[in-house]
Amino acid sequence: MKDAKAGQQEVDYSRYVVDLAYLKGKAPEIAGVPTGTRLDELFFTVVYDEDTGRIVRKPLGGVPKGAVINIVGIPDTGKSVFAEQFAAFQAGNGSRVLFVTTENPAEFLYVSLKQKAAALDLSFKDVERNVVVVDASQEQSLRENTFALVKTMEYAARSRNVDVVVIDSITGLYEHREVMARQIVRIVYNFLKRFHLTTIMVSQKRSSQGSETAEAAGGLAVAHIVDGTVVMDKKLMETKFDVSLYGLPLGSVLRTIRIDGCRVSGHDTDTYIMEINEMGLIEIKEKLSDFVRRKSGIK
Amino acid sequence: MEVVKPVLPDYDQMALKVFMEAISSAGGLKKLIEYRNLTWLPSLAEAAYVVVLKNEATLTDYQIAEKLGITEQTVKNILKADTSKVAEYLQGVAEKVDEHKAGGLAKIAYEKLKAEGRLESEEVTQAEARDIESSLEIEFFWAIQTLRRIKGLDFPAGEGELKERLTGITIKGRRIEELLDKIGYPVKTPAELLHKLKEAAER
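As they're listed, the protein sequences go chains A and B.
Heads up, the first sequence is in our numbering, so the first residue is 1 and it goes up one at a time.
Heads up, the second sequence is in our numbering, so the first residue is 1001 and it goes up one at a time.
Please note: incorrect hints may appear among the correct ones.
To be verified - Below, a list of computed lysine-lysine pairs in the PhoX-like style, where the Cα atoms sit at most 20 Å apart:
1. B/K1188 <-> B/K1163
2. A/K234 <-> A/K285
3. A/K151 <-> B/K1005
4. B/K1182 <-> B/K1196
5. A/K285 <-> A/K295
6. A/K151 <-> B/K1182
7. B/K1163 <-> A/K151
8. A/K151 <-> B/K1151
9. B/K1080 <-> B/K1031
10. B/K1112 <-> B/K1080
11. B/K1031 <-> B/K1054
12. A/K151 <-> B/K1114
13. B/K1163 <-> B/K1114
Don't read these hints as lab results, they were simulated from the structure.
Keep in mind the model is a prediction, meaning the values are calculated, not measured.
If we strip away everything but chain A, and leave its shape as in the complex, we get:
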């Protein structure tokens, strides 16, 4: 079917219609890309178990391959720690990682990744060899111009044969123009999907936004566009009630993590306790409900 207004380019709409069968062999496989944390157990697919004749959960063993996963949280919840841990874990295990930094200059990122590699007992030589960085923190033209950033990412992805991407943070691309958030995230997301790049993308929250929600700078634009959102949160023990409920000392901090949604695969919906250990690594512990029950006896 063709349509044309006077003087305008004829558009062939038939190229936008695709038979589902045509996509066989083109669709990405359902698999997990490990993060090096227990989050890997919380994404799953369902399979038929011949022994029991029932449909059962099968953990993916990582974030869904080819998915763009948004990590959102207030400051000091562990977003960047998680992003760097994922990058070091993937690179240390042989994947090619593109790290787009809008916050931490590349020289400082180098130090962070070196520490993560040591804590994970991975060869830093492998990490060093497999990580390629786009440093938008030092390059205003990249932060201000999303098309230039995507061009640079495309160049890096093609020439360095990249498998996974980390963006810390996407908010750095629109922190002074949140009205553009939807457009900017869409451009970056479309690029990542075109190249089937599994991505961990960090988003910052604004002080007015509920700390436990998927909402981030730019509103719900990011959460609506990406394939899945993981919310990181923290609770400061500041009242007698907190101390009694969580069984933690006054002034201490309790961190949590929760998968808020994922359109690519099934996922656990509970909130989990999360710690950043003395080695600077994310450790996901028990469910918050189990923790509270154990500490206070409240069901």
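We have chain A already, so just place chain B on it with the hints.
Same frame as chain A, but now just chain B:
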């Protein structure tokens, strides 16, 4: 851990292409003279930049206005111009149109270039260049490609940065990477680079 250098689009070149395509869509420069419509041209240049910066650089209307030294309302008028009404006006179907004519024309030209994949393509394709080269019995396209690719590069330049920019070009049937292995460094100027590459290719 390698840090990739930014790849920055050439917006000046894109705006120029939109401008030229718009003139062509309007019937060519001669037709503009016949109809005494040359006063359009500054507006058309302005509109070409607005359309490119809006669609290719994710700038806000305010940022575009600041960059071009025009009002934000002018930017909005250009961007909201109805292309079909402007097209009817240009074809003589409509006698008068309230739209921003240059804006509509620039948008039509931009959409056409984008749909045909010509907005970011090289001015002369490699195949066309080969034809020209064989008819003139000289080789020059590699030099144009080399100069385009090193735009913005600081000289003196080293082997690594030159290889990163120039990989993929062929000179007299030989890969440029192979020739870059054979020349001396640092290369002080673009002219010296062309000279050294030419010498290496002829050795």
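A quick look at each hint next to the structure:
| no. | hint | verdict |
| --- | --- | --- |
| 1 | B/K1188 <-> B/K1163 | holds (15 Å) |
| 2 | A/K234 <-> A/K285 | holds (14 Å) |
| 3 | A/K151 <-> B/K1005 | holds (11 Å) |
| 4 | B/K1182 <-> B/K1196 | holds (9 Å) |
| 5 | A/K285 <-> A/K295 | holds (14 Å) |
| 6 | A/K151 <-> B/K1182 | violated (31 Å) |
| 7 | B/K1163 <-> A/K151 | holds (19 Å) |
| 8 | A/K151 <-> B/K1151 | holds (16 Å) |
| 9 | B/K1080 <-> B/K1031 | violated (26 Å) |
| 10 | B/K1112 <-> B/K1080 | holds (17 Å) |
| 11 | B/K1031 <-> B/K1054 | violated (29 Å) |
| 12 | A/K151 <-> B/K1114 | holds (16 Å) |
| 13 | B/K1163 <-> B/K1114 | violated (30 Å) |
Hints 6, 9, 11 and 13, counting from the list given before, are not met by this structure.
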